Amino acid sequence: MQEPYPSVKNILLLDSEGKRVAVKYYADDWPTQAAKLAFEKSVFTKTQKTNARTEAEIAMFDGYIVVYKFIQDLHFFVTGGDNENELILATVLQGFFDAVGLILRNNVDKRTALENLDLILLCLDEIIDGGIILETEASVIAGKTTSDSLDGMSSLSEQTISQALATAREHLARSLLK
Amino acid sequence: MAQPLVKKDDDQEDEEYSPFLGIEKGAVLQEARVFNDPQLDARRCSQVITKLLYLLNQGETFTKVEATEVFFAVTKLFQSKDTGLRRMVYLMIKEISPSADEVIIVTSSLMKDMNSKTDMYRANAIRVLCRITDGTLLTQIERYLKQAIVDKNPVVASAALVSGIHLLQTNPEIVKRWTNEVQEAIQSRAALVQFHALALLHQIRQSDRLAVSKLVTSLTKGSVRSPLAQCLLIRYTSQVIRDSSMNSQTGERPLSDYLEACLRHKADMVIVEAARAITEFSGVTSRELTPAITVLQLFLSSSKPVLRFAAVRTLNKVAMTHPLAVTNCNIDMESLISDQNRSIATLAITTLLKTGNESSVDRLMKQISNFMSDIADEFKIVVVDAIRSLCLKFPLKHRSLMNFLSNILREEGGFEYKKAIIDSIVILIRDIPEAKETGLFQLCEFIEDCEFTYLSTQVLHFLGNEGPKTSDPSKYIRYIYNRVILENATVRAAAVSTLAKFGSIVESLKPRIFVLLRRCLFDSDDEVRDRATLYLNTLGWDGSVGEIDKGVKEFLFGALDVPLVNLEASLRSYEPSEEPFDLSAVPKEVKSQPLTEKKAPSKKPPSFGVSANGPTSPIDAYEKLLSSIPEFSSFGQLFKSSAPVELTEAETEYAVNVVKHIFSGHIVFQYNCTNTIPEQLLENVVVIVDASDAEEFAEVTSKPLKTLPYDSPGQTFVAFKKPDGLPSTGRFSNLLKFIVKEVDPATGEAEEEGVEDEYQLEDLEVVAADYMLRVSVLNFKNAWESMGPDYERIDEYGLGVRESLAEAVTAVINILGMQPCEGTDVVPNNARSHTCLLSGVFIGNVKVLVRLSFGIDGPKQVAMKLAVRSEDEAISDAIHEIVANG
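Taken in order, these protein sequences are the chains called A and B. Just so we're aligned: the first sequence equals residues 1 to 178 in the numbering used here. Just so we're aligned: the second sequence equals residues 1 to 886 in the numbering used here.
Be aware that one or more of the hints could be misleading.
Chain B regions said to be covered by chain A (calculated; three or more residues, Cβ under 8 Å) [claimed, not checked]:
(1) 136-149
(2) 306-317
(3) 709-721
(4) 850-863
Pairs of lysine to any residue, SDA-like flavour, derived with a Cα cap of 20 Å [what the hints assert, rightly or not]:
(5) K94(B) with K46(A)
(6) K110(A) with L56(B)
(7) K19(A) with L21(B)
(8) K19(A) with G81(A)
(9) K24(A) with T61(B)
(10) K81(B) with Q39(B)
(11) K94(B) with K19(A)
(12) K94(B) with F97(A)
(13) K94(B) with Y25(A)
(14) K24(A) with E260(B)
(15) K94(B) with Q33(A)
(16) K46(A) with K81(B)
(17) K94(B) with D28(A)
(18) K19(A) with E260(B)
(19) K24(A) with Q58(B)
(20) K24(A) with S338(B)
(21) K41(A) with E60(B)
(22) K110(A) with K81(B)
(23) K19(A) with T170(B)
(24) K317(B) with R399(B)
(25) K46(A) with R342(B)
(26) K94(B) with T170(B)
(27) K24(A) with K81(B)
(28) K304(B) with L104(A)
(29) K110(A) with F20(B)
(30) K24(A) with L114(A)
(31) K36(A) with T533(B)
Residues from chain B that face chain A, not an exhaustive set, calculated with beta carbons under 8 Å [what the hints assert, rightly or not]:
(32) L53
(33) T63
(34) R87
(35) V103
(36) I104
(37) V155
(38) S207
(39) R209
(40) A211
These are computed hints drawn from the structure, not numbers from a lab. Predicted model, so just to flag it, every value in this text is computed and none were measured. Every residue, glycine too, gets a C-beta built ideally from N, C-alpha and C.
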């Protein structure tokens with residue numbers, strides 16, 4: 001039987017050694033920390049050698065479907081049950097992946113991700129709520145994550161420009177203070 | 001304003017730089033004191049929260065005291081007006097998931113945010129509050145939530161709707177009151193609001209089939225915009241179709257036009273969802289399948305791995321039931337064998353193995369050999385299973401397939417994988433006589449170098465059964481005796497038994513076997529010595545027994561002809577008494593599918609098209625139930641119980657189905673009744689059966705059901721006497737009679753006085769197939785020949801125009817109610833003729849074998865030749881009558 005609505009079991013963001021950058025579990029399938037780490041290890045080793053840099057890849061094991069995509073030293077994963085529509089999971093993955101790209105202004109690597117971990121965590125919070133898909137459109141996710149005065153619909157290009165200016169100003173200020 | 005960046009302004013700018021380098025829980029908890037500063041530094045506070053979240057994310061845990069401290073400190077931060085910080089506060093509260101008494105502290109702050117002018121605050125506060133709240137608080141905020149559902153800001157509406165879906169699990173009665181608002185939200189122009197609203201509304205109404213059906217019908221007319229919402233609608237539509245096809249026999253599926261239209265949607269996810277829904281229709285026809293298969297075929301050559309995977313996975317499932325429908329995709333499928341993605345390649349191979357025809361087998365095997373070395377064991381097992389079924393389908397190809405199996409057997413692999421190969425070879429040897437010699441030889445080779453004791457003993461046992469019957473049994477002795485010299489005690493003991501079997505069956509080998517067995521008398525293990533002694537004495541090595549006594553042979557090597565599960569059940573129910581346990585009284589009905597299918601992996605498969613295990617027959621439960629009723633105890637041994645037959649339409653007030661229990665001289669109808677009206681309690685429920693159309697039956701007793709409360713099924717029985725041992729047939733009309741009492745829904749108490757009422761049920765038929773047990777034979781040819789042509793009856797029948805040959809074969813199998821043997825129920829693709837072998841036991845314990853030859857001509861006219869052999873002339877005729885009347 002299919003789930004009444006599409007659901008995501010976890011979202012993982014790991015580094016190139018399989019260590020956690022940010023992870024979020026929504027299902028009780030892995031009740032302990034050890035079970036979670038074992039799952040991450042297995043996902044990482046089974047996908048490590050594949051080339052998931054241009055198109056999202058997919059794998060199936062232990063009764064789960066995992067879609068994944070890599071960039072630099074970051075590995076993005078979205079897991080669903082084995083009856084789940086793969087395309088829906090892939091849409092969630094793409095939303096997460098692109099939103100992180102927007103938030104980090106295309107400097108997507110582990111170091112930048114950790115430096116902006118707060119934004120990454122907020123981003124996860126805006127994509128899935130308790131396993132239910134909240135939003136899949138990268139620009140909306142990134143907008144909700146970064147904008148301070150938010151009305152959900154404001155255009156992304158405006159935001160990024162104003163943010164870019166703000167950051168530039170901050171950098172300038174810091175260099176002057178040094 | 002600048003966003004808060006997490007920066008540790010240290011100067012360690014080396015390679016290993018991480019903002020969280022050397023972070024420690026204790027120190028961060030200390031840092032959290034800044035939350036209490038009268039002058040809040042929003043930036044600093046955000047950084048500290050990020051560090052706390054980082055620790056939690058890395059798997060660090062806070063003690064109860066630490067969590068409480070952090071929680072209270074975090075609540076102070078609601079004073080700050082900084083939006084970035086507020087977001088982090090929300091996240092932190094969700095992560096800590098405070099206890100009920102702590103929740104109260106933040107409730108008022110969150111409720112304030114819920115009514116804030118800032119949409120972002122409102123949306124987030126709703127999600128946080130609903131996550132941590134309990135039922136009592138929920139009633140306070142319900143009003144706001146209802147407003148939020150219809151809020152003009154989609155983010156707020158979605159937050160409320162998603163929270164509603166979660167809350168429905170814990171507080172259904174409250175969420176169900178929001179139906180009107182949710183219905184309004186479905187009309188929203190925002191894609192995701194529509195998606196969330198639809199999901200929630202369906203969850204609210206899921207137990208009410210009629211409401212779901214109405215909802216689906218109205219929405220399929222086209223107001224759903226977002227692809228995600230479309231996917232939901234497709235799921236609900238196929239649910240409605242599933243439910244409705246259960247009670248209408250017309251064969252038309254409502255709403256299937258909608259699903260077909262979805263195949264032309266522009267979003268891939270909708271197409272896949274729709275195609276999958278169509279292929280999963282029960283009893284899907286090839287006309288329905290074709291459009292779905294066509295779109296999936298296009299996806300097979302997509303550049304996106306996810307799309308290729310979705311397509312091949314779906315086609316793989318279809319191939320299990322409709323191999324013919326998938327053959328068009330074979331060329332695309334073959335190119336996927338070399339797909340970079342191993343999951344896709346494995347699915348493609350197993351699909352091809354299911355759909356391939358005889359001529360493509362060799363080519364396919366070549367392609368697979370290259371592929372096998374670089375996939376994981378779990379995939380290999382799937383491939384091995386597929387090859388076994390292929391070999392059973394094309395016995396002529398056994399040489400190349402057996403070759404393949406023996407090659408991979410020699411390669412490295414884990415236990416499960418090797419076991420799958422051994423199981424496959426054993427099954428092939430059993431079912432394809434020509435493959436026997438090569439197969440046995442492969443097994444001998446295998447045990448020469450086998451690290452798994454379990455597999456060695458299994459192979460040795462099998463060799464003992466099959467080896468002596470080959471043309472040159474002596475050549476196996478060397479391999480077996482090697483085991484006695486080289487292996488551990490368990491394997492040695494098994495080898496001794498195998499040697500003894502050879503000795504007992506092959507007279508010429510006997511003296512040599514005795515020599516070998518005598519050597520085993522000095523083994524270091526007592527089990528090995530004991531076995532050797534037992535066999536030497538019973539087989540008469542000292543010349544005391546000339547011809548081996550048949551009883552001895554039976555005792556030593558006789559196969560148990562009852563399924564072990566049944567034997568176990570009978571032994572459990574046996575109570576020590578004067579009467580010895582009677583082995584012949586153990587039921588022989590085979591519980592699940594034939595042997596070949598039973599070997600499919602039973603643990604949770606990696607879902608590569610391994611068919612779900614058939615439902616285990618509830619015959620044990622029936623037997624227990626019936627034997628507990630004194631009125632039926634004199635009827636003797638239960639011969640067969642039918643599958644339940646529905647006597648009511650779905651969604652009626654009372655749901656009744658019936659199970660027919662056949663005894664030699666009696667038949668018992670078990671009516672399973674369910675009362676679906678919460679406001680009613682039924683008493684003295686009984687079924688009045690009119691058997692005027694069933695002359696040979698006479699009602700002997702009936703057992704009413706005392707009470708039938710809402711939604712807890714109960715049974716009432718009616719028993720008939722019938723001519724002993726004969727397959728009497730007839731038609732029975734049924735009337736449900738009962739006393740109905742009103743129940744107060746508030747208190748659950750029933751009124752004193754009841755009213756008598758009745759309810760017409762559908763008719764029930766007892767047909768000849770009810771008297772047939774599905775019992776399989778391992779080797780049909782042997783069984784057929786040993787039965788002899790004395791009571792053979794042959795006749796020919798025209799079956800008229802049929803959808804396909806496969807459909808005709810299935811229909812005849814169902815009419816006869818017999819067990820297909822050796823996988824002959826599967827009709828190869830494009831076959832113009834087919835032979836199907838059936839076996840069964842007819843009432844009176846008469847073995848029956850049937851050989852069906854089918855032929856189909858151009859305009860789909862199907863003709864059939866039916867040859868029956870049985871132990872009784874009258875039964876052979878009866879089988880023909882069944883078909884003639886069916």
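Checked hints:
1. 136-149: Coverage by chain A is violated for the stretch 136-149 of chain B (0 residues, Cβ < 8 Å).
2. 306-317: holds (count 5)
3. 709-721: violated (count 0)
4. 850-863: Since 0 is below three, the answer is violated.
5. K94(B) with K46(A): 32 Å, violated
6. K110(A) with L56(B): Holds, at roughly 18 Å.
7. K19(A) with L21(B): 14 Å, holds
8. K19(A) with G81(A): 23 Å, violated
9. K24(A) with T61(B): 15 Å, holds
10. K81(B) with Q39(B): 12 Å, holds
11. K94(B) with K19(A): 24 Å, violated
12. K94(B) with F97(A): The given pair, whose Cα atoms are some 23 Å apart, is violated under the 20 Å limit.
13. K94(B) with Y25(A): Holds - the C-alpha atoms of Y25(A) and K94(B) are around 13 Å apart, at most 20 Å.
14. K24(A) with E260(B): 37 Å, violated
15. K94(B) with Q33(A): 18 Å, holds
16. K46(A) with K81(B): Outside the cut-off at roughly 46 Å; violated.
17. K94(B) with D28(A): It holds: about 17 Å lies between the C-alpha atoms, which stays within 20 Å.
18. K19(A) with E260(B): 45 Å, violated
19. K24(A) with Q58(B): 11 Å, holds
20. K24(A) with S338(B): 34 Å, violated
21. K41(A) with E60(B): The given pair, whose Cα atoms are some 18 Å apart, holds under the 20 Å limit.
22. K110(A) with K81(B): Measuring from Cα to Cα gives roughly 31 Å; hence the hint is violated.
23. K19(A) with T170(B): The hint is violated at about 35 Å.
24. K317(B) with R399(B): 28 Å, violated
25. K46(A) with R342(B): 11 Å, holds
26. K94(B) with T170(B): 18 Å, holds
27. K24(A) with K81(B): Cα-Cα ~28 Å, so violated.
28. K304(B) with L104(A): It is violated: about 26 Å lies between the C-alpha atoms, which goes past 20 Å.
29. K110(A) with F20(B): The hint holds at about 12 Å.
30. K24(A) with L114(A): 15 Å, holds
31. K36(A) with T533(B): Violated, at about 55 Å.
32. L53: Where the cut-off is 8 Å and the nearest Cβ of chain A is about 6 Å from L53(B), the hint holds.
33. T63: With a minimum Cβ separation of about 15 Å from chain A (threshold 8 Å), the hint on T63(B) is violated.
34. R87: Holds. Min distance 6 Å.
35. V103: For V103(B), the interface hint is violated, since the closest Cβ of chain A sits about 17 Å away, which is over 8 Å.
36. I104: With a minimum Cβ separation of about 22 Å from chain A (threshold 8 Å), the hint on I104(B) is violated.
37. V155: Since the shortest Cβ distance to chain A is 4 Å, the answer is holds.
38. S207: 12 Å, violated
39. R209: Status violated, d = 14 Å.
40. A211: Where the cut-off is 8 Å and the nearest Cβ of chain A is about 14 Å from A211(B), the hint is violated.
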